[in-house]
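Novice: In case you want the letters, here they are:
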Amino acid sequence: MSQWPEEWREALSPTDAEVAAVSRPLASALSRDAAAATAPTGAEVARLVARRPVASPAGAARWRWAAGLAVAVALLMSVALWPRYDAPSVPVGEQVSLDGASLGPSIVVDGEADAVVLAASEDGTVVEILEGALTFDVDPGGRYRDLRVRAGAVEVQVTGTRFTVARWGDVAEVSVERGSVAVTAPGESLALTAGQRWRGSALIASLGAALPPSARARSAGEPDVPEVSDVPAVSAVSVVSAVSVELPPVAERSPLTERPPTQARSALDGALSSASRPASRPASRPASPRAASAVEVHATEALAEVAAVLEPAPPVPLTDAQKLEAALAWTPIQERLESGAVEELLLEVDAFLARWPSSPLAAEAGLARVELLADGPVAPAVEAAAAWLSLNPMDPRRHEVRFLLASLQLEGPGGCALALSAFEAVAGEASQAEAALAQAARSEAARCEAALASEGQGELDEEL
Amino acid sequence: MTDSSYIEALKAGESAAVDRLYRENAARVLGWVIRLGGPRLDAEDVAQEVFIVALKTARRYRGDASVSSWLFGITRNVVSNARRRAALRGFMGLPEIPEPAAAGPRSDEALAIMRRRRRVQQALESLNRKQREVLVLVELEGRTAPEAAALLGVPTGTIHSRLHHARRAFAALATKRGLRAEVEGPGGGLALVFPLRGER
Numbered sequence: 001m002s003q004w005p006e007e008w009r010e011a012l013s014p015t016d017a018e019v020a021a022v023s024r025p026l027a028s029a030l031s032r033d034a035a036a037a038t039a040p041t042g043a044e045v046a047r048l049v050a051r052r053p054v055a056s057p058a059g060a061a062r063w064r065w066a067a068g069l070a071v072a073v074a075l076l077m078s079v080a081l082w083p084r085y086d087a088p089s090v091p092v093g094e095q096v097s098l099d100g101a102s103l104g105p106s107i108v109v110d111g112e113a114d115a116v117v118l119a120a121s122e123d124g125t126v127v128e129i130l131e132g133a134l135t136f137d138v139d140p141g142g143r144y145r146d147l148r149v150r151a152g153a154v155e156v157q158v159t160g161t162r163f164t165v166a167r168w169g170d171v172a173e174v175s176v177e178r179g180s181v182a183v184t185a186p187g188e189s190l191a192l193t194a195g196q197r198w199r200g201s202a203l204i205a206s207l208g209a210a211l212p213p214s215a216r217a218r219s220a221g222e223p224d225v226p227e228v229s230d231v232p233a234v235s236a237v238s239v240v241s242a243v244s245v246e247l248p249p250v251a252e253r254s255p256l257t258e259r260p261p262t263q264a265r266s267a268l269d270g271a272l273s274s275a276s277r278p279a280s281r282p283a284s285r286p287a288s289p290r291a292a293s294a295v296e297v298h299a300t301e302a303l304a305e306v307a308a309v310l311e312p313a314p315p316v317p318l319t320d321a322q323k324l325e326a327a328l329a330w331t332p333i334q335e336r337l338e339s340g341a342v343e344e345l346l347l348e349v350d351a352f353l354a355r356w357p358s359s360p361l362a363a364e365a366g367l368a369r370v371e372l373l374a375d376g377p378v379a380p381a382v383e384a385a386a387a388w389l390s391l392n393p394m395d396p397r398r399h400e401v402r403f404l405l406a407s408l409q410l411e412g413p414g415g416c417a418l419a420l421s422a423f424e425a426v427a428g429e430a431s432q433a434e435a436a437l438a439q440a441a442r443s444e445a446a447r448c449e450a451a452l453a454s455e456g457q458g459e460l461d462e463e464l
Numbered sequence: 001m002t003d004s005s006y007i008e009a010l011k012a013g014e015s016a017a018v019d020r021l022y023r024e025n026a027a028r029v030l031g032w033v034i035r036l037g038g039p040r041l042d043a044e045d046v047a048q049e050v051f052i053v054a055l056k057t058a059r060r061y062r063g064d065a066s067v068s069s070w071l072f073g074i075t076r077n078v079v080s081n082a083r084r085r086a087a088l089r090g091f092m093g094l095p096e097i098p099e100p101a102a103a104g105p106r107s108d109e110a111l112a113i114m115r116r117r118r119r120v121q122q123a124l125e126s127l128n129r130k131q132r133e134v135l136v137l138v139e140l141e142g143r144t145a146p147e148a149a150a151l152l153g154v155p156t157g158t159i160h161s162r163l164h165h166a167r168r169a170f171a172a173l174a175t176k177r178g179l180r181a182e183v184e185g186p187g188g189g190l191a192l193v194f195p196l197r198g199e200r
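Chains as they are written, first to last, in our numbering: chain A, 1 to 464; chain B, 1 to 200.
Please note that a few of the clues may not be correct.
[Stated by the list, open to error] Label pairs and their calculated CB-CB ranges: (1) A/G42 <-> B/G63: 24 to 32 angstroms; (2) A/A321 <-> B/L94: 52 to 60 angstroms; (3) A/L75 <-> B/T156: 51 to 59 angstroms; (4) B/L88 <-> A/A36: 27 to 35 angstroms; (5) A/G141 <-> B/S4: 50 to 58 angstroms; (6) A/A36 <-> B/S68: 51 to 59 angstroms.
[To be verified] Covered stretches of chain B, going by a simulated chain A footprint (3 or more residues, C-beta under 8 angstroms): (7) 40 to 53; (8) 61 to 74; (9) 148 to 154.
[Unchecked claim] Some chain B residues flagged as far from chain A (calculated, every beta-carbon gap over 12 angstroms): (10) S4; (11) S5; (12) S15; (13) A26; (14) R89; (15) F91; (16) M92; (17) Q121.
If you are wondering where the hints come from, they were derived from the structure by calculation, not from laboratory data.
Virtual Cβ for every residue (Gly too), placed ideally from N, Cα, C.
Isolated chain A (complex conformation) (with noise of 0.2 angstroms):
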């Protein structure tokens, strides 16, 4: 490498004159023009200096840093403690002996009592109890607290509380501990708070549409019958319906393990007892012994003293998507009318009255069912056609149903005194489209004067 002599070094170097024509500023109308020309004016500055923020922006980024943060460890934070939805030991939707059981993380189940966990999840946890007494103790602020327990046709909704349903056979009873729940029972809904009982009816036909099929065969312990014969005797519905009980508070739990005699049930078993006597009537058309069990359930005797007892529940008026759901629900029942089993249709009958009482279609299901009991014992059937009389006394088939009634009469125990008084007022009040009706009426009237002339002249020449 060669090294570059120093006169050389010097010859390149720049001179003093240089380097300060280089470093001066150039004292030139460019420096001065274009300076005044480039300077921000007052107005500028004084716009800018106006914009200035009031808070330090410094500042306010380490908040928000600070906010974000704590935000963001929060999140971490509720993720981690955020409680799992443990699945119950339980199976979902098979009857179950609940005792001890964990439902969630917020419900404990104690007590003895055959159940069906029909539901179970974050969503919601709901019980059906099938028979006994279960305390549900509901953690207030627990997550997936959302609990509904049904007996029957008894409905507790609860979110946070201590309590205990029962149900034994179609007396459902709720005893609250603490807090409080909402009851919702066939005609009413009440508020029950810490420390009150309510006790009311179960009887429902909505138990088959709310188990499962398989549910609901293990429920009645019978697999190989069909589903609708496992509906429990739901006759009853029509005119029964829930009683609500205030008694006075009580201090602790409500001892649910015996059967309580209510007024309703001591009515209930009375008619049921008595309406299980024997039919003396020979029946027109052969009914197996299930329909005759069954029809011996619906027995006149039950269904008018418990629908005296109990007040009669407030029909409640249907949309018109509830209207189209009754009809169809109504129309395979009505098909299977005339060629259909007797108990069969007469329980499917009965199961769409339950649940669909305030139908447009009550009337004429009411009429089928009556229709249906005509072909069985006296007593229930003419107890169904009163019973639909009083309920629909302006319906065009009154006068038929009428005719009826005063033909089983004919052949009760009253015979043609209870049903003369019947056949003459269809043969006096018949329109005249009903004109043959009529004509039967006055005929069977006629016979049943001359029959009790016959009896009265009899019962004469025994006297003399």
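Start from chain A and add chain B according to the hints.
Specialist: Below, chain B without anything else, positioned relative to chain A:
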């Protein structure tokens, strides 16, 4: 308020320090933005952005350089980003940034000032960034080469070199655009007789 306490107050975001920062540097920063940013930027908005960035990053300011130098460094970065955004807007065919609405009605004098500013800005646009910075600091703001070197963080000799080339380039452009350029002095320094004076 001493300089150290002023810096500390500025780092703490105290409003008095913020006011002082604006009052003492608003004209300077705005001038830098006007001269370095070119005609396509809204100078007031960009200057405000400079102050916002300065206040956000104040806690990182160590105080070993003057506030003016610190602000100039921020201005260079903010203006560079703003010029890039403006170029992108022009490339994509988006409309130019309008004049600030706060300017209000303008007098003939104000319009003349704006017109002259535009012409100088367009002339400065012909230079590259390094030459423009040196020319602005030395020729328009009257700083010495060592002062410009301190602001730009380069050796003084580099300032001399850039200034020499900036003058040459600016003289060539001025000639091309009809501006008179004269060689002044024995050292060969360029002097541009700015025709704007004759337009008044």
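Novice: Confirm or reject each hint.
Specialist: Here is what the structure says about each hint:
{"no.": "1", "hint": "A/G42 <-> B/G63: 24 to 32 angstroms", "result": "30 angstroms, holds"}
{"no.": "2", "hint": "A/A321 <-> B/L94: 52 to 60 angstroms", "result": "56 angstroms, holds"}
{"no.": "3", "hint": "A/L75 <-> B/T156: 51 to 59 angstroms", "result": "56 angstroms, holds"}
{"no.": "4", "hint": "B/L88 <-> A/A36: 27 to 35 angstroms", "result": "32 angstroms, holds"}
{"no.": "5", "hint": "A/G141 <-> B/S4: 50 to 58 angstroms", "result": "56 angstroms, holds"}
{"no.": "6", "hint": "A/A36 <-> B/S68: 51 to 59 angstroms", "result": "21 angstroms, violated"}
{"no.": "7", "hint": "40 to 53", "result": "holds (count 6)"}
{"no.": "8", "hint": "61 to 74", "result": "violated (count 0)"}
{"no.": "9", "hint": "148 to 154", "result": "violated (count 0)"}
{"no.": "10", "hint": "S4", "result": "18 angstroms, holds"}
{"no.": "11", "hint": "S5", "result": "16 angstroms, holds"}
{"no.": "12", "hint": "S15", "result": "7 angstroms, violated"}
{"no.": "13", "hint": "A26", "result": "5 angstroms, violated"}
{"no.": "14", "hint": "R89", "result": "22 angstroms, holds"}
{"no.": "15", "hint": "F91", "result": "26 angstroms, holds"}
{"no.": "16", "hint": "M92", "result": "28 angstroms, holds"}
{"no.": "17", "hint": "Q121", "result": "7 angstroms, violated"}
The structure fails to meet hints 6, 8, 9, 12, 13, 17 from the earlier list, while all remaining hints are met.
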